[in-house]
Amino acid sequence: MASAAHFQHRPAIPITVIGGYLGAGKTTLLNRLLQNPDGRRLGVIVNDFGAIGIDAELLAAASDTGVINLPNGCVCCTLGGDLFETLISLRDADEPPDHIVIEASGVADPAVAAAWGTSAGFDSGGVIVLAAADSIRRQLVDKYVGGEVERQLAGADLIVLTKADLCSGSERRAACTVIESIAQSAPVDGSDLPVDVVLGLRPSERLDMASAEHDDRYVRWSWIGGVIPAASVDSLLADLPLGLLRLKGWIDTGEQQLLVQVVGPTTSAAPSASGVEGSRLEAIAVSGEFDPHALTARFDAAVG
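If you read the sequence shown in my numbering, its first letter stands for residue 1, the second for the next number, and so on.
By construction, these hints were calculated from the structure, which means they are not laboratory data. Do not rely on the hints blindly, as some may be mistaken.
Restraint-style ranges between C-beta atoms, simulated for each label pair [said to hold, decoys possible]:
id : residue 1 : residue 2 : range
1  : Phe84     : Asp300    : 34 to 42 Å
2  : Gly39     : Leu242    : 43 to 51 Å
3  : Ala231    : Ala12     : 29 to 37 Å
4  : Gly200    : Glu85     : 34 to 42 Å
5  : Tyr144    : Ser181    : 18 to 26 Å
6  : Ala294    : Glu180    : 28 to 36 Å
7  : Gly200    : Ser232    : 22 to 30 Å
8  : Arg137    : Phe84     : 35 to 43 Å
Built from N, CA and C at the ideal position, the CB exists for glycine as well.
Based on the sequences and whatever the hints tell you, model everything.
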């Protein structure tokens, strides 16, 4: 492995970590960065629960920029393993990226990944946490995930308010108020965030080197199947099993691909030109409440 002195002739590579609870819009922001990198060569490390890399495929469909999808499903479990190897390979490449962006899992502490910015050949690019205006208050009082959501907000260098267009003015103000009470700073509007704001952040000194591990409160589920008739999609996505926090992927109706996203009570299924073959779904759910076998049987039965 190269020594620290080896990198003195190279500019340090900033590492920016994008966090936020599930459905806050991390993948949307990454797509924007990849489509408009403002002249930068980005190295993007994509992470989410799920065995089939849905987020990486969404990003690849939107841009030819290289995307790294970690096989272990968790970029913030420990300060080692696949994340370490991936960062080193990017740093040591003949043409290293100008900037590295890491998407932290929705139930992980992004400050752990950001701590790599203090290592040889890297620089701290800060922690950006996205908060959905239409759901952040509900998430903060959730007995299962409230603590994780609050910790992410408290540790952020910049908080970006997303999905404000789905809320009334009073709801937006209430979301901003609760965020400010935790983070001691106001969130910025994420509707048209310039690239230089995201990738030009001056980080605070709050990065915590302590390791963070997911506990056993969460389980992951994934499913790969065939064609599901369009007439069955709405009923299939209604009344999903207890404990389901997030579902994401594609359903092939035989006539078109639908990009499916479920976050809490909100469900969407929109036409997509992803190029993915068949139906592919993944989910995060609460352990002990969620029955993965029942959900698998439900989708298996819908294939026709």
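Taking the hints in turn, this is what the structure says about them:
At roughly 38 Å, the beta carbons of Phe84 and Asp300 sit within the given window of 34 to 42 Å. In this structure the hint that Gly39 and Leu242 lie 43 to 51 Å apart at CB holds, the actual value being about 48 Å. Separated by about 55 Å at the C-beta atoms, Ala231 and Ala12 break the suggested range of 29 to 37 Å. About 28 Å separates the C-beta atoms of Gly200 and Glu85, a value inconsistent with the hinted range of 34 to 42 Å.
For the pair Tyr144 and Ser181, the beta carbons lie near 21 Å from each other, so the given range of 18 to 26 Å is met. The hinted range of 28 to 36 Å is not satisfied by Ala294 and Glu180, whose Cβ atoms lie roughly 41 Å apart. Distance hint check: the CB atoms of Gly200 and Ser232 are about 47 Å apart, inconsistent with the given range 22 to 30 Å. For Arg137 paired with Phe84, a C-beta distance near 36 Å keeps the hint of 35 to 43 Å intact.
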